[in-house]
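There are 2 protein chains.
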Amino acid sequence: MKKYTVTLMPENLKLQAVENATLKDVFGEYGIKFEFPCAGTGKCKKCKVRIVKGSSEDEVLACRFKVTEDVVVEIPKMEQKHEILEEGVEREVELDPLVKKRYAELPPPSLEDNRDDLKRLTGNVPLKSNLKVLRELPEKIRESEFKVTLVTWKDEVLAIEKGDTSLVHLGMAFDIGTTTIAGYLLNLSTGAEIARVSALNPQTKFGTDVISRINLASQTPDGLEKLHREVVNELNNLIEKALAGTDFKREDIYAVTTVGNTTMQHLFLKVQPKYLALAPYVPVFSEPVVVDAAELGIRINPDGKVFAMPNIAGFVGADTVSAALACEMDKYDELRLLIDIGTNGEMVLGTKDKLLACSTAAGPAFEGVHIACGMRGATGAIDHVKIEEGLKYTVIGGGKPAGICGSGLLDIVAELLKVGIVDKRGRMAKPETISGPAEIYKDRLRDINGFLSFVLEEDTATGQPVFVNQKDIREVQLAKGAIAAGIQILLEFFGAEVEDIKEVFLAGAFGNYLKPESACRIGLIPPELEGRIKPVGNAAGVGAKLALLSEREYERAVRLSQNIHYIELSALPQFSQIFAKKIVF
Amino acid sequence: MKKYTVTLMPENLKLQAVENATLKDVFGEYGIKFEFPCAGTGKCKKCKVRIVKGSSEDEVLACRFKVTEDVVVEIPKMEQKHEILEEGVEREVELDPLVKKRYAELPPPSLEDNRDDLKRLTGNVPLKSNLKVLRELPEKIRESEFKVTLVTWKDEVLAIEKGDTSLVHLGMAFDIGTTTIAGYLLNLSTGAEIARVSALNPQTKFGTDVISRINLASQTPDGLEKLHREVVNELNNLIEKALAGTDFKREDIYAVTTVGNTTMQHLFLKVQPKYLALAPYVPVFSEPVVVDAAELGIRINPDGKVFAMPNIAGFVGADTVSAALACEMDKYDELRLLIDIGTNGEMVLGTKDKLLACSTAAGPAFEGVHIACGMRGATGAIDHVKIEEGLKYTVIGGGKPAGICGSGLLDIVAELLKVGIVDKRGRMAKPETISGPAEIYKDRLRDINGFLSFVLEEDTATGQPVFVNQKDIREVQLAKGAIAAGIQILLEFFGAEVEDIKEVFLAGAFGNYLKPESACRIGLIPPELEGRIKPVGNAAGVGAKLALLSEREYERAVRLSQNIHYIELSALPQFSQIFAKKIVF
Chain A
24 MKKYTVTLMP ENLKLQAVEN ATLKDVFGEY GIKFEFPCAG TGKCKKCKVR IVKGSSEDEV
84 LACRFKVTED VVVEIPKMEQ KHEILEEGVE REVELDPLVK KRYAELPPPS LEDNRDDLKR
144 LTGNVPLKSN LKVLRELPEK IRESEFKVTL VTWKDEVLAI EKGDTSLVHL GMAFDIGTTT
204 IAGYLLNLST GAEIARVSAL NPQTKFGTDV ISRINLASQT PDGLEKLHRE VVNELNNLIE
264 KALAGTDFKR EDIYAVTTVG NTTMQHLFLK VQPKYLALAP YVPVFSEPVV VDAAELGIRI
324 NPDGKVFAMP NIAGFVGADT VSAALACEMD KYDELRLLID IGTNGEMVLG TKDKLLACST
384 AAGPAFEGVH IACGMRGATG AIDHVKIEEG LKYTVIGGGK PAGICGSGLL DIVAELLKVG
444 IVDKRGRMAK PETISGPAEI YKDRLRDING FLSFVLEEDT ATGQPVFVNQ KDIREVQLAK
504 GAIAAGIQIL LEFFGAEVED IKEVFLAGAF GNYLKPESAC RIGLIPPELE GRIKPVGNAA
564 GVGAKLALLS EREYERAVRL SQNIHYIELS ALPQFSQIFA KKIVF
Chain B
24 MKKYTVTLMP ENLKLQAVEN ATLKDVFGEY GIKFEFPCAG TGKCKKCKVR IVKGSSEDEV
84 LACRFKVTED VVVEIPKMEQ KHEILEEGVE REVELDPLVK KRYAELPPPS LEDNRDDLKR
144 LTGNVPLKSN LKVLRELPEK IRESEFKVTL VTWKDEVLAI EKGDTSLVHL GMAFDIGTTT
204 IAGYLLNLST GAEIARVSAL NPQTKFGTDV ISRINLASQT PDGLEKLHRE VVNELNNLIE
264 KALAGTDFKR EDIYAVTTVG NTTMQHLFLK VQPKYLALAP YVPVFSEPVV VDAAELGIRI
324 NPDGKVFAMP NIAGFVGADT VSAALACEMD KYDELRLLID IGTNGEMVLG TKDKLLACST
384 AAGPAFEGVH IACGMRGATG AIDHVKIEEG LKYTVIGGGK PAGICGSGLL DIVAELLKVG
444 IVDKRGRMAK PETISGPAEI YKDRLRDING FLSFVLEEDT ATGQPVFVNQ KDIREVQLAK
504 GAIAAGIQIL LEFFGAEVED IKEVFLAGAF GNYLKPESAC RIGLIPPELE GRIKPVGNAA
564 GVGAKLALLS EREYERAVRL SQNIHYIELS ALPQFSQIFA KKIVF
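Listed in order, the protein sequences are those of chains A and B. Converting from the first sequence to the numbering used here requires adding 23 to each position, the first position being numbered 1. Converting from the second sequence to the numbering used here requires adding 23 to each position, the first position being numbered 1.
Mixed in with the good hints there might be a few duds.
For identical chains, the list gives no copy identity; a pair is met inside one copy or between any two copies.
[Said to hold, decoys possible] Once the Cα atoms are required to be at most 30 angstroms apart in a straight line, the calculated DSS-like pairs of lysine-lysine come out as:
no.	residue 1	residue 2
1	LYS37	LYS142
2	LYS163	LYS297
3	LYS415	LYS25
4	LYS415	LYS494
Since the hints were derived computationally from the structure, they do not count as laboratory data.
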């Protein structure tokens, strides 16, 4: 047997390869870490490497390229790997997808073994089958000479495919946020993420907050239908986008999980959210809803299923359940706190024995809404600010600033508080009253559009100054007051003290980028916890992926939704008092 | 309180009634047996009585008519009751329908009890719900002021109805025979049978036997679709027919059970039966199939379900399972034999610990097919014959005979055997060879259309003589040989003797009307068993009804289908030998 040398660049690693081995084989033999998201079927195109010395110098797929001479191969940095690591709670699970594929070579029927086709297919464990499968079954198994792949969910056969397609098995997880929709295309036969896509939630054009969408859905005749269509269409766009550039087809996807707040889940399923906006704020359902993809118009395999994950209450949705799953809130002996700050601030507090949740109307200040120069955490946003012998800030993407995003807003309020330009009650000092070291910032204080404002930058991308004003400070106070009050009430109901909390998981983009020091200085999070804060990224999205990859994790999410006890803050007489106290910085 | 006298005719029974009591109340108080199939909702119109003395003399509904004066009431004979009693295996079951209705008055939501609508509806036991239910749920419960009726199957909510509709709850059981379809409309809130309907299976126009229909379904492009349509349309007609004359609507029906042979079940579900006709004769499915009525085009409530009951093998279908259920074949310590003679002869032998089944190609002789003067057991058919000092016969419906049905054919062969006109090997004696007491029947023997024939009657409804010929005798021999061989093989496999069989259940119209004496004389059934034969009528239909009335009976049918071990006679080398022996009378 002939052997050749494969040289890996830039490490200049020399490997021995037998003739006609694929690069995948060679990497495998030497334990070289390299991801083959589609398990080497050549479909995902993710294992591209460059042959830099050999008879043809070109990009090739490591899973397909066969060694027939000495070659030098350049391996790219696995960018994708790094992205995954950014999610603080990404964790390993045993691969046992919610929807499974299994290849089977069936014994052909004989007079001695004349079981029916379905039993032959499913073994003697009775599986349920729909009419469509039964109608296709006899010809499908015979045309494929009794070699077929079963697609199953629980004890149901969803579909049969001819031959062995068990390695071509995709799923898509969606986090449907009020503002943004994130989608993750996963290879369910390897667990690898093939693509990550996102888009603005197109419902935004009908209103930026959930209340305006609930109103549209409940007060106009086709409002609900319209909002439903918008999100379904966007999910379909994202599916296409995620598949683009791979050889996979949408028929290869049999499972979709969705998480989102309770309103988003209602709108996605075209279920009337009207009563979410009226006291006592009851949802139509909290349970997980499993629907045929075809019935919902989700364009994956028409025999596939959509799993809308369970909610907890009207204002604590599947996104929170999913984040709690990602953070394994059900496994700790000692107290953990999970906070997801978006338009509302949802939080879960507890241990493996007892979990409590609440939702606080934090308002969308940290998403940049209702803030004079507020914007989302995108290119041009000031995301961090420091006042220390002058004012320093960083801008996402570099360049000139165009506005302030949540983490920047938090910083600037914390810094103004530190230097005394804002006082404990949230009042911004008039320039003439400022003395001492803060005097150098005096010029930055001025009246803009009738509000006392603190200017961060005059030289901006928009030509207009970027600033915070007195009204912005008030918005931050309301948001932080609501969250801090929520934390205190959860602690009271649990019967614990701040010090008992061993770790604070901060979910969401804002949670990921905020400076813990700033959050603690303004009292958004109790200062005692500053060293225990762990940003966990889009934990809701991670949970939706985990549920797709593992039936056990999906069931765990269902249990979490049932076991997390919801506390309705508006039903508590003490809430407004605590809230009023917590508004103070 | 005023009291009146209600006089019941023709019994002249005097009852006391308080003013404004309904006749139903009065009957109930005195324990008068009278059926109210719709539980007194006034819908089924089955409790009609005639007021023969009173201020208005007319037909009234006993459940609605209120006593306000002395009245004389004439009660009709309960014909329907008698019909039911004709089924030898009709038995009482605890009412626990497969599809259930439950009325609930829900506590309205409050801040203290803000469970979601679905949990409020279903209690804290999680029930699954489909999207349609979720979409209707919030408005339905609020419009009905939280008073609703749940329609459920297992852990699934099928539908919600406003108010209390729990007494309006119907089901329909169908026995889809190759020749005839029988339908039973049941009130699932009382267990009463509201109507019984039947029709020729319209597939008959494409061929009288299953093989011709399998060929049509597998060899012509739209054959399967056509056969499926025919039977679905006929079931819809029968549903309409059963509802006619009642105030019930098809929306009141949420459950349909169907039984039939394996081919009929395949065609009903539009599943290709092709491989049932090719060795090794495997069906596509044997398992029960539960389908949305709407998907199948069965016009009951669009949220209702159709339960196609389980089969055992290619030639032992759900009708046999259902008959075995009706006869409780799974409850006996000592051996029982169930025989259903139709186009094939299916039989089940065993005890509660072990059950065996086989199907014999008996041929449709006893259904009148391939018999010179053969006809179904309908008006004009000779159904019983006796030769004893002359030939006597009876005709269904009185009048002149038009042909011979199965039981008549069996009798005439047995009688000809007795008087020596047919010998043990099935040969008909030539008139010139007959001597002794049988000589008086000599004139009845003659050549008709080239076959030696025995004439039963010249003066007929058709103007043509009614007779049996040599070929008919051969057909009977083949049929009886097949069945007798089947019985012997089942006994051999079970390891038992004829004498061990304690009871023989004879199912089907033929089984119901045949003379056991004749069946034993020709050896269709071993003569030792003559005193142990019990006709059980349409046991398959009874089983389909039981499954509808009781979830436990339905599950029992599923277990029966799994536990009855099928023996493929064509795979047995000894079969043809035994068959050849059993052809001899």
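Quick rundown of the hints versus the structure:
no.	hint	result
1	LYS37 / LYS142	neither (52 angstroms within a copy, 63 angstroms between copies)
2	LYS163 / LYS297	between (46 angstroms within a copy, 13 angstroms between copies)
3	LYS415 / LYS25	neither (62 angstroms within a copy, 97 angstroms between copies)
4	LYS415 / LYS494	within (23 angstroms within a copy, 110 angstroms between copies)
Consistency with the previously given hints fails for numbers 1, 3, ordered from lowest to highest.
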